[in-house]
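Peer 1: Required output: the full structure, derived from the provided sequences and hints.
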Amino acid sequence: MDPWTLGLIAVIVAGLAVIVFGALSDRSKTKRAAAEMLAPPQRRIPQFRPDSPAPNYLSELQARRKPGDSQPTDLTAAEREEIAQLLTDASTVKINAGYASQDFVTDPSSSWAVLDAPRVLVCADKVESTRELLSILERLILSRTPLVVVAPSLADEVRGTLEVNAIQQTMALLAVTPTSSDLQVVAGATGAQIRARSDLQAGYVWPEHLGTCARWVSDAKHSFLIGPPASDSGSQ
Numbered sequence: 109m110d111p112w113t114l115g116l117i118a119v120i121v122a123g124l125a126v127i128v129f130g131a132l133s134d135r136s137k138t139k140r141a142a143a144e145m146l147a148p149p150q151r152r153i154p155q156f157r158p159d160s161p162a163p164n165y166l167s168e169l170q171a172r173r174k175p176g177d178s179q180p181t182d183l184t185a186a187e188r189e190e191i192a193q194l195l196t197d198a199s200t201v202k203i204n205a206g207y208a209s210q211d212f213v214t215d216p217s218s219s220w221a222v223l224d225a226p227r228v229l230v231c232a233d234k235v236e237s238t239r240e241l242l243s244i245l246e247r248l249i250l251s252r253t254p255l256v257v258v259a260p261s262l263a264d265e266v267r268g269t270l271e272v273n274a275i276q277q278t279m280a281l282l283a284v285t286p287t288s289s290d291l292q293v294v295a296g297a298t299g300a301q302i303r304a305r306s307d308l309q310a311g312y313v314w315p316e317h318l319g320t321c322a323r324w325v326s327d328a329k330h331s332f333l334i335g336p337p338a339s340d341s342g343s344q
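When the letters of the sequence shown are read in order and numbered with my numbering, they come out as residues 109 to 344.
I should point out that these hints are in silico values taken from the structure, not numbers from a laboratory.
Derived BS3-like pairs: lysine-lysine, alpha-carbon spacing no greater than 27 angstroms straight-line:
| id | residue 1 | residue 2 |
| --- | --- | --- |
| 1 | K202 | K234 |
| 2 | K329 | K234 |
| 3 | K202 | K329 |
| 4 | K329 | K174 |
Peer 2: What follows is the structure, given as structure tokens:
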């Protein structure tokens, strides 16, 4: 075979090798690019350590048990007697609606829910979602300010969330579901502005919209607003 033919064969073989290599290389790059496109994006999570222990989540049963380090809320005999006298005082405002759940009871001996110097949120409509309360809860939870939520009705999810937070002592909470006429009574006695559901959904609930009283006491059927609103009710 003459040298020209051998050279031509060598060129053809080399060309085929280049074509095959290019095809394989391009296929590998395409697969790699496709894998990168389909893979979840890289996310840097601040303060995350891969070797950190997994978080513990409370089961429904655990959430409804008081934590081992919970603070006692029981009244003394003297405090109980003092409150009993105040409940019949002429200046005490009484409404025909008690706590929305026994989980809000703070003094088991008397079956009372007692909150001292609480802020009072009065809602014109049924509270359908916990998200409607988040803006005001976030403002009060940091200052550990007690909150009474007064509304015509509460969705089961909302009531359950408030119950669990009261049990776990995240903050002092009480929910009461009176009639519309008693909503007006509470607003008048505490200085609260009645907020529509649209206000809650928009997060348009500020501390100055809340009412207050010296002490709020609820039993299973009635609630008692003891003492006048504090003069600095809009400061929290």
